[in-house]
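Trainee: Read in the numbering used here, the sequence shown has 364 at position 275, and its numbers run on one by one without any break.
None of these hints come from the bench; they were simulated from the model. Some clues are possibly wrong.
Claimed, not checked - For lysine to aspartate or glutamate, the following EDC-like pairs were computed, each having C-alpha atoms within a straight-line distance of at most 20 Å:
#, residue 1, residue 2
1, Lys361, Glu181
2, Lys217, Asp255
3, Lys217, Glu156
4, Lys317, Asp378
5, Lys455, Glu194
6, Lys187, Glu235
7, Lys455, Asp389
8, Lys455, Asp437
9, Lys112, Asp415
10, Lys361, Glu92
11, Lys187, Glu234
12, Lys217, Glu305
13, Lys361, Asp389
14, Lys187, Glu150
15, Lys112, Asp451
16, Lys187, Glu156
17, Lys361, Asp255
18, Lys112, Glu194
19, Lys187, Glu232
20, Lys112, Glu448
21, Lys112, Glu450
22, Lys317, Glu404
23, Lys217, Asp378
24, Lys112, Glu421
25, Lys361, Glu150
26, Lys317, Asp415
27, Lys397, Asp437
28, Lys112, Glu92
Owing to the predicted nature of the structure, the values given are computational and were not obtained by experimental measurement.
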Amino acid sequence: MSEDNILTASGWVRGRLIHEHGKVVSIEGVPCDPASNELPYLLPGFIDLHVHGGGGKDIMEGASAFETITRTHVRFGTTSLLATTMTAPSAEISSVLKEVGEFCEQRPQGAARVLGVHLEGPYINPGKLGAQPNFAHTALMAEVEEYLALAPIRVITIAPEIAGHDALIRELSSRGVRMQIGHTLGSYEEGVAAMAAGATSFTHLYNAMSPLHHREPGIVGAALAHAKFAELIPDLLHVHPGAIRVALRSIPCLYCVTDSTAAAGMPDGEYKLGSHTVTKCLGGVRLPDGTLAGSTLTMDQALRNLVKIGLPIAEASQRLSQFPADYLGINERGRLAPGAWADCVRLDRSLTLTAVMVEGEDIDFKNA
90 MSEDNILTAS GWVRGRLIHE HGKVVSIEGV PCDPASNELP YLLPGFIDLH
140 VHGGGGKDIM EGASAFETIT RTHVRFGTTS LLATTMTAPS AEISSVLKEV
190 GEFCEQRPQG AARVLGVHLE GPYINPGKLG AQPNFAHTAL MAEVEEYLAL
240 APIRVITIAP EIAGHDALIR ELSSRGVRMQ IGHTLGSYEE GVAAMAAGAT
290 SFTHLYNAMS PLHHREPGIV GAALAHAKFA ELIPDLLHVH PGAIRVALRS
340 IPCLYCVTDS TAAAGMPDGE YKLGSHTVTK CLGGVRLPDG TLAGSTLTMD
390 QALRNLVKIG LPIAEASQRL SQFPADYLGI NERGRLAPGA WADCVRLDRS
440 LTLTAVMVEG EDIDFKNA
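The task is simple: from the sequences and hints, build the whole structure.
Mentor: This is how it looks when you write it as structure tokens:
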């Protein structure tokens, strides 16, 4: 087995990763500076907490789409992900959640692991839908309980300014569900109050939320002033590089997501996003009125974009792997260490992906 520059929890090691039964057994080697050699990089597999689709398929299509989506994203280094729903009628959401819950119980060969669900809506502000279909409504605990019984819901996006949502944030966060502020017209004060109630992150920071103004800081201001975690789409289209750098300086564990749609990994054309038809063109995905509608970003490109704007490879990797895992409270993914899942990606010196491993399985992604 060839040597790599392996990014471990304690820094770079020149050596080999040994794994058995899907878990890392040991990392054999010596500390190194990758700048002193020309070996490839071996990084923890990417963890994407916001995935709507890929490979021409959308999560809201149900079970027939999941294998295509997970096999598409693994080709770009995503070793685990959250299946992310769209705002839709309750019956439709329930149907999809039931099928995702069943899919989470196993992992098809050659696919990424689905860790659970990110429920992005329907508990959002109808005045800040972004690309979400117009089925937003106030959260009811009875409905949420039904959803929780169908699938492992790890993250819920919620607009905190809607009456009754503060109590829901408090209750669900106490039960381990990560409550994220997003698709919101809330004020700075409402954002801070939601964090005091238990909200712990922000959905696609800057996008679909009240912006920062020096006299009205808005939800963006609440995030920049107080958040430990927030997700951000680093496709360099949703957020200007300068604004990304502001967030990097302000939010210690800012982590990156793709918010990818069915158009990810596909040519330009029309695709489904929930009940919407969206168009992929010029590297973006938009509704007919020009509104950004998710992205075509993949996690390997996210890494390259972060490095392009000045992040060291180790920090860029951390924001694509360790921090998402930390946010979910998962210790066995997002890092390369004995006892962790053998989820990793190998990249050459130009940061082109050359190999992917999920739970010890070598993925034949080039022939997928």
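Trainee: Each hint: holds or not?
Mentor: These are the hints, each one checked on the structure:
1. Pair hint Lys361 plus Glu181 holds up; C-alpha atoms about 15 Å apart against a cutoff of 20 Å.
2. With a C-alpha separation of about 18 Å, the suggested pairing of Lys217 with Asp255 holds against the 20 Å cut-off.
3. Restraint check for Lys217 and Glu156: not satisfied, since their Cα atoms lie roughly 31 Å apart, outside the 20 Å limit.
4. Of the supplied pair hints, the one linking Lys317 and Asp378 is violated, its CA atoms being roughly 34 Å apart against a limit of 20 Å.
5. With a C-alpha separation of about 26 Å, the suggested pairing of Lys455 with Glu194 is violated against the 20 Å cut-off.
6. For the hint pairing Lys187 with Glu235, the CA-to-CA distance comes to about 10 Å; that is within 20 Å, so the pair holds.
7. As the CA atoms of Lys455 and Asp389 are separated by approximately 14 Å, the hinted pair is consistent with the 20 Å bound.
8. At most 20 Å may separate the alpha-carbon atoms for a hinted pair to count; Lys455 and Asp437 meet this at roughly 15 Å.
9. For the given pair, Lys112 sits about 18 Å from Asp415 by alpha-carbon distance, which is consistent with the 20 Å threshold.
10. Proximity of Lys361 to Glu92 is assessed by CA-CA distance (about 43 Å); at most 20 Å being required, the pair is judged violated.
11. Restraint check for Lys187 and Glu234: satisfied, since their Cα atoms lie roughly 13 Å apart, inside the 20 Å limit.
12. Simply put, Lys217 and Glu305 have alpha-carbon atoms about 17 Å apart, close enough for the 20 Å limit, and the pair holds.
13. Between the alpha carbons of Lys361 and Asp389 the distance comes to roughly 23 Å, so the proposed pair goes past 20 Å and is violated.
14. For the suggested pair Lys187 and Glu150, the alpha carbons sit about 12 Å apart, so the restraint of at most 20 Å is met.
15. Between the alpha carbons of Lys112 and Asp451 the distance comes to roughly 13 Å, so the proposed pair stays at or under 20 Å and holds.
16. Simply put, Lys187 and Glu156 have alpha-carbon atoms about 15 Å apart, close enough for the 20 Å limit, and the pair holds.
17. Of the supplied pair hints, the one linking Lys361 and Asp255 is violated, its CA atoms being roughly 33 Å apart against a limit of 20 Å.
18. For a cut-off of 20 Å, the pair hint linking Lys112 to Glu194 stands: about 18 Å separates their Cα positions.
19. At roughly 14 Å between alpha-carbon atoms, Lys187 and Glu232 fall within 20 Å of each other, so this suggested pair holds.
20. Among the hinted pairs, Lys112 with Glu448 is consistent with the structure: their alpha-carbon atoms are about 7 Å apart, no more than 20 Å.
21. The hinted pair formed by Lys112 and Glu450 meets the criterion: a straight-line CA distance of about 10 Å does not exceed 20 Å.
22. Proximity of Lys317 to Glu404 is assessed by CA-CA distance (about 16 Å); at most 20 Å being required, the pair is judged to hold.
23. Distance check on the hinted pair: Lys217 and Asp378 sit about 15 Å apart at the alpha-carbon level, within 20 Å; holds.
24. About 9 Å separates the Cα atoms of Lys112 and Glu421, which keeps this hinted pair within 20 Å; it holds.
25. Straight-line distance between C-alpha atoms of Lys361 and Glu150 comes to about 9 Å, which keeps the hinted pair within the 20 Å bound.
26. At most 20 Å may separate the alpha-carbon atoms for a hinted pair to count; Lys317 and Asp415 meet this at roughly 11 Å.
27. At most 20 Å may separate the alpha-carbon atoms for a hinted pair to count; Lys397 and Asp437 meet this at roughly 16 Å.
28. With a C-alpha separation of about 19 Å, the suggested pair Lys112 and Glu92 falls inside the 20 Å cut-off, and the hint holds.
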